[in-house]
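2 protein chains.
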Amino acid sequence: MEGLLFVLSGPSGVGKNTVLKKVLAKRTDLTYSISATTRPPRGQEVDGVDYYFLSKEQFWAECQNNGFLEWAEIYGHYYGTPKKQVLALIQKGQHVILDVDIQGAAQIRQNYANAVLIFLHPPSITELTRRLRERKTEDEDAIKKRLAYLEKELAAVTSYDYVVVNDQLEEACRRVEAIINAEEVKVTRGYWKRFLNP
Amino acid sequence: MEGLLFVLSGPSGVGKNTVLKKVLAKRTDLTYSISATTRPPRGQEVDGVDYYFLSKEQFWAECQNNGFLEWAEIYGHYYGTPKKQVLALIQKGQHVILDVDIQGAAQIRQNYANAVLIFLHPPSITELTRRLRERKTEDEDAIKKRLAYLEKELAAVTSYDYVVVNDQLEEACRRVEAIINAEEVKVTRGYWKRFLNP
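Protein chains in written order, with my numbering: chain X, -10 to 187; chain V, -10 to 187.
Please keep in mind that the hints were generated in silico from the structure rather than gathered at the bench.
Just so you know, not all the hints are guaranteed correct.
Which copy? The list can't say, so a pair holds if one copy fits it or any two copies do.
[Unchecked claim] As a list, the in silico DSS-like pairs of lysine-lysine whose alpha-carbon atoms are at most 30 Å apart: (1) K175 with K5; (2) K134 with K73; (3) K175 with K125; (4) K133 with K182; (5) K5 with K125; (6) K133 with K73; (7) K73 with K10.
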């Protein structure tokens, strides 16, 4: 029985990484798929853990080899999801969760129709702006760029399957887990048959 | 924001009532819609609590008045879901859960396309037979009738949205709750906007 493919998107500062970490800690049957990127490591980020850090040349070689389930350019950097690793995990019956942008999510939908798309939504734009400033990893210009992109991101919400508002962190995590638990027993997937006694 | 309409079906002996009671105890925003029926009360059943017990004449009058969201004949008795009460609750933003048969579920789907249909599935036919015999509320003939109907019921599973296998009671309840929590934040419903800050 194949595993399920989940996508978690959301604007910068919405708390996506925290939600991801908490949900992954709870579910050993869920694997985080590491993205490839051409952007330089930030802070404590480690190659092969947070991202596969590639040069632009390496990235394009992989791209021409049809090696990405999706790829996108964001703020001048390229990001991609290595196809082979993801499909291998799913075929083994593992669930996989991807952290991709709205462009990436749209491609995932095209390349893998059964994917479950979740958008992590800020409780309000005011609150998101406050969180971005508090994070202090970027200067004001970068923050302004992110807020300008936000409008596009929020408009893309309708292409997703679920919208989880991250007001209270625990509640948002509980909601993402509920989506996983519900999708597992959707009749259109065969997955629910796992729970039958032989 | 409108509430959601859930349907829980499942063969006799699968543990539907127990699951319903447990889920209802946990969620005050979920209301159980009492069905009308022409079958006589069984055991401790109370009119207006377990069912609205109607005469065949009363039932048909209501039926001709288009007063049921669904109705069905099962083993010579009629069952129906009073439309007015259910729609009033949903309009107030309450979720409603119905306990209806496969025929009723199909009608609900037709009359209320946004309904969420959940089928409670036995872990195996052997296990269901054991539970039916253990229940001791019916004679062997009635049990045989139920088991004959089971085949039809299991074939109808594909018309549902979700299949929850009731092997471990707590796990099945958790699964039904997950379905409710996930459906609340489906993008196709506006309900998720409730969770935004003003």
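Hints versus structure:
no. : hint           : in the structure
1   : K175 with K5   : both (25 Å within a copy, 18 Å between copies)
2   : K134 with K73  : neither (33 Å within a copy, 51 Å between copies)
3   : K175 with K125 : neither (42 Å within a copy, 33 Å between copies)
4   : K133 with K182 : between (49 Å within a copy, 25 Å between copies)
5   : K5 with K125   : within (16 Å within a copy, 52 Å between copies)
6   : K133 with K73  : neither (36 Å within a copy, 51 Å between copies)
7   : K73 with K10   : within (23 Å within a copy, 45 Å between copies)
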